[in-house]
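Single-letter residue listing:
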Amino acid sequence: MEEQPGLSDQYRTASPWPLLVAVGFALSEVGVFLGIFPVAVGGILLLGGSVAGILAESGYARRPWRTLALLGGVFAGLGAALVATQLPGSSVGLLEVVADPNGVVGRGLAVAVAGAMLVAAGATSQMFGRSQQV
Amino acid sequence: MVSAQLVLTALMGVFLVGVVAFLSRVEDWRSYTPLVSGGGGGYGDTGATVHREKPAGITRWLTTVDHKDIGLLYGTYGIIAFAVGGLMAFLIRMQLIAPEGAVVGNSFYNAVLTSHGITMLFLFGTPIIAAFSNYFIPLLIGADDMAFPRINAIAFWLLPPGALLIWAGFFLPGMEGAQTAWTMYTPLSAEQANAGVDLMLLGLHLTGVSATMGAINFIATIFTERDDDVTWANLDIFSWTILTQSALILFAFPLLGSAIVMLLLDRNLATTFYAVGEGGGPILWQHLFWFFGHPEVYILVLPPMGLVSYILPKFSGRKLFGFKFIVYSTLAIGVLSFGVWAHHMFTTGIDPRLRASFMAVSLAIAIPSAVKTFNWITTMWNGRLRLTTPMLFCIGFVSNFILGGVTGVFLASVPVDKVLHDTYYVVGHFHYIVMGAIGFAVFAGLYYWFPIVTGRMYQRRLGKWHFWLSMLGTNITFFAMLFLGYLGMPRRYATYDFNSAIAPLDMVTLAHQAASVGAVLLLIGQLIFVWNIVQSWLEAPAVEDPDPWDLKETNQHGREFQWHERRIATALADGGEEEEAVTDGGKVVDGANETSDAASDSADD
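As given, the protein sequences belong to chains L and A, one line each in that order.
Our numbering runs 18 ahead of the 1-based position in the first sequence.
Our numbering runs 90 ahead of the 1-based position in the second sequence.
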């Protein structure tokens, strides 16, 4: 087969990830900006998962799980930072703020929750999952 | 409210499970071998097989990262958007047949007007150019594919969600289409309480991200992926314009994205970037928008200029006159385009000294534009012209570009602009460019490369009909608009039932009706176009001539047609899928030294 013309440039001409990255990006943007919690969380899960997938596929990462957890950490940090901007001064008002979230807190929580789920998924798979053959 | 959240959560859950199911179904996507369904069978280890074939059916198109497939996806998307935007334009023209508005209510008219502009510029213009560049830049520079094939696919797949969001206001319950006009001026766009505006802004943001990713990819590809014998000195003119366009996108689109995010924050989270009397005020939006918006004009027009510069010489039997100066003028336009944005704001009360400087730079941009125009004319001068359909569209381009360009020179002048600003004169001016020039160049490209993309030839007579109806329709519609501008008709109005004491109502009505007649011609022409493309693609006999335009006679057989020739030859060698080729079998195959050339062909099987 290798002798046939046209096979000197072996690269894959199909990948399931780009579509998912794009849809994940669109859903997270809509969810976060319009403050729709389930869409934001779902979108970020999809985005994080597919970015980890595409990086592993193209060889930038050996396995996707560590990347997944890392991305989750970044999202969790961003979300937490958003929530933190709304905390009142020195008082310990986290619970009150979270119990009755305003626009910013709601969005921050969505990002943080999705980030935490990504971390959990990444960590679990890293420990128990079979390694992906890349 | 809570139940709605639960339903949404459940839906998202189901969707994500669906994604996982999709992934597991294409789990073996790595092992698409010439054998059925990628099992690897007798070849042993699946991971070691050659990944040559693409998946079948719809999965192929959902997962492709091949530049030619992505080019086709961009093209299909662009044509669909062109149809949607064109029907919106037709509705606008039908509405304006009568002074009091003939068809729809004012709000719906405003929404359609807004959506027409955004659809044509962001969903048709940029993507259809990307269709050409994706398919042909790698072929023209001798690259196997784009530098980042997956990013290329991501950039395309951001567009369909973008389009759905932009149009969402029309079909989602409890919303209506945004009524901001495509310029989205604040405070109107900041205060319009309609979630459709938010969705449209998010959709625009997605298309901006997509364009930026594409631009980075093209810059990387043209810089690093050129074949050894493609140097900066002999790089083709289309690649030069795409390179310049990509640079413009790189500087302009992220700015649009930021400005849109600020507008979204103003709308949803009570920031005051554009609030009246606060922060930057409404004028800040105009500065940011037009700092993007004017380069956007050149983002849209430079590659079509490249197409014309590339195609026109082929049917003139001569080389492009003044190639170097066309490249220089492309670069000059690219640089100057960032220094003219405030000519859209001459009547906003900005400092007169600023106005003067922006007028000077705007007038200066006429120089490189004229350099191109004269070079096209000189290329044709004493040439052996062949009036094929692509050539007709190229000549139509030059003619319409002159009209659109000269009216632009008038508008660049502050005193003239103060009279004509916000009238139909402006609408006529830029439609001569976007439809008369950009649209025509796109048609020229589609017809010229139709044999390569489809392996068939379009129906020549229908192509001629398409050209002449488009040429007539364009000039009737948009010349009537220039005339309406001189009559003082303001743009964007849903009705024009003015007091006849202050306006020559009869003449305004007549001009509007003339413009609508032109729109009918345009519609008929485009219906013929779509019929021609679809029917020819499906039913026309295969073109086996690797040089359907007889370019070898004048030594103008370009790299993409050379690639096409090799592809036909390789198909013969393989006994491949093109049935006609196999039964014919009469052509000589020089497979020995074609191995590397035919490489990119494998992606096409």
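If you are wondering where the hints come from, they were derived from the structure by calculation, not from laboratory data.
Take these hints with a grain of salt, some might be off.
Stated by the list, open to error - Far from chain A, by Cβ distances over 10 Å, these chain L residues were calculated:
no., residue
1, VAL39
2, ARG80
3, VAL92
4, ALA102
Claimed, not checked - Derived, one-sided and incomplete: chain L residues facing chain A with beta-carbon distance under 7 Å:
no., residue
5, ILE72
6, LEU73
7, ALA74
We put the beta carbon where it would ideally sit given N, CA and C, even for glycine.
A quick look at each hint next to the structure:
no., hint, verdict
1, VAL39, "violated, 5 Å"
2, ARG80, "holds, 15 Å"
3, VAL92, "holds, 18 Å"
4, ALA102, "holds, 16 Å"
5, ILE72, "holds, 6 Å"
6, LEU73, "violated, 10 Å"
7, ALA74, "violated, 12 Å"
Consistency with the previously given hints fails for numbers 1, 6, 7, ordered from lowest to highest.
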